[in-house]
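There are 2 protein chains.
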Amino acid sequence: MSDPDRAVSRETRADPPLWFEAHVFGCTNRRPDGHRRGSCAARGSEPLRDYMKARAKELGLQGVRVNSAGCLDRCEFGPVIVIYPEGVWYRAEKREDIDEILTVHLRDKGRVRRLMLTERDVPPPKG
Amino acid sequence: MSDPDRAVSRETRADPPLWFEAHVFGCTNRRPDGHRRGSCAARGSEPLRDYMKARAKELGLQGVRVNSAGCLDRCEFGPVIVIYPEGVWYRAEKREDIDEILTVHLRDKGRVRRLMLTERDVPPPKG
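Chains as they are written, first to last, in the numbering used here: chain P, 4 to 130; chain Y, 4 to 130.
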């Protein structure tokens with residue numbers, strides 16, 4: 004009899020290597036002013052995304068891609084960024100925050116604890 | 004003397020749990036008609052993204068988030084999708100492709116080999 008867990012595990016081992024060593028997604032979703040949840044763009048994420056892209060290039064970070072993304076659904080803690088494959092989330096509100104994420108996390112493979120979201124940063128129930 | 008590798012390794016172990024079990028990003032970047040590289044939106048990615056979001060909901064997939072993203076820079080192989088944390092890339096050109104990714108990869112934790120990009124799917128040099 005086949006073992007589905009083992010089959011999946013074999014498949015997973017055969018995944019191609021990561022295309023980007025670090026893939027960064029910054030939410031640039033915008034909701035109308037006055038929306039209950041707010042939005043990352045309303046909290047200033049768009050110029051920060053532009054800044055992050057430009058600074059990543061200036062720093063010459065290899066294997067790092069910075070992208071915009073739609074609503075990541077942790078709006079209350081925004082402007083939010085998530086970095087994969089590690090799946091670490093940050094709140095970046097100003098250029099100094101972006102600089103620290105770029106140098107400490109993306110260049111030096113560390114973590115920026117003061118900006119990191121945790122499992123306790125849970126949005127309020129919907130509706 | 005401190006060992007930076009060990010320090011990073013300690014940090015990494017302390018990362019919060021994944022917020023989404025599977026985080027799907029579909030490129031919806033659009034370039035002008037006739038652009039040398041084309042773009043995922045010009046290849047029809049936007050309605051496919053909408054379809055994927057709706058079907059993921061209908062299938063009741065827990066812990067799966069489907070997002071739009073800006074240019075993922077593998078335009079020639081688009082419309083492209085990347086799924087994290089595993090970092091597996093797919094080319095999804097029609098609804099049947101999306102259905103297969105949703106059921107085989109996201110629901111059943113398998114892989115859709117016929118649609119998967121590999122390390123050999125390299126865009127042409129820039130410029």
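Derived by calculation from the structure, the hints in this document are not laboratory data.
It cannot be assumed that every hint is accurate.
One copy or any two copies: either way a pair holds, since identical chains are not told apart in the list.
Said to hold, decoys possible - Derived lysine-lysine pairs resembling DSS-like cross-links, with alpha carbons at most 30 Å apart: (1) K129 to K60; (2) K129 to K56; (3) K112 to K129; (4) K60 to K97.
The hints, checked one at a time:
1. K129 to K60: Between copies only: 15 Å across chains, 38 Å inside a chain, cut-off 30 Å.
2. K129 to K56: between (32 Å within a copy, 18 Å between copies)
3. K112 to K129: between (35 Å within a copy, 28 Å between copies)
4. K60 to K97: For K60 and K97, only the intra-copy Cα distance (18 Å) is at most 30 Å; the inter-copy one is 34 Å.
Checked against the numbered hints above, the structure violates none of them.
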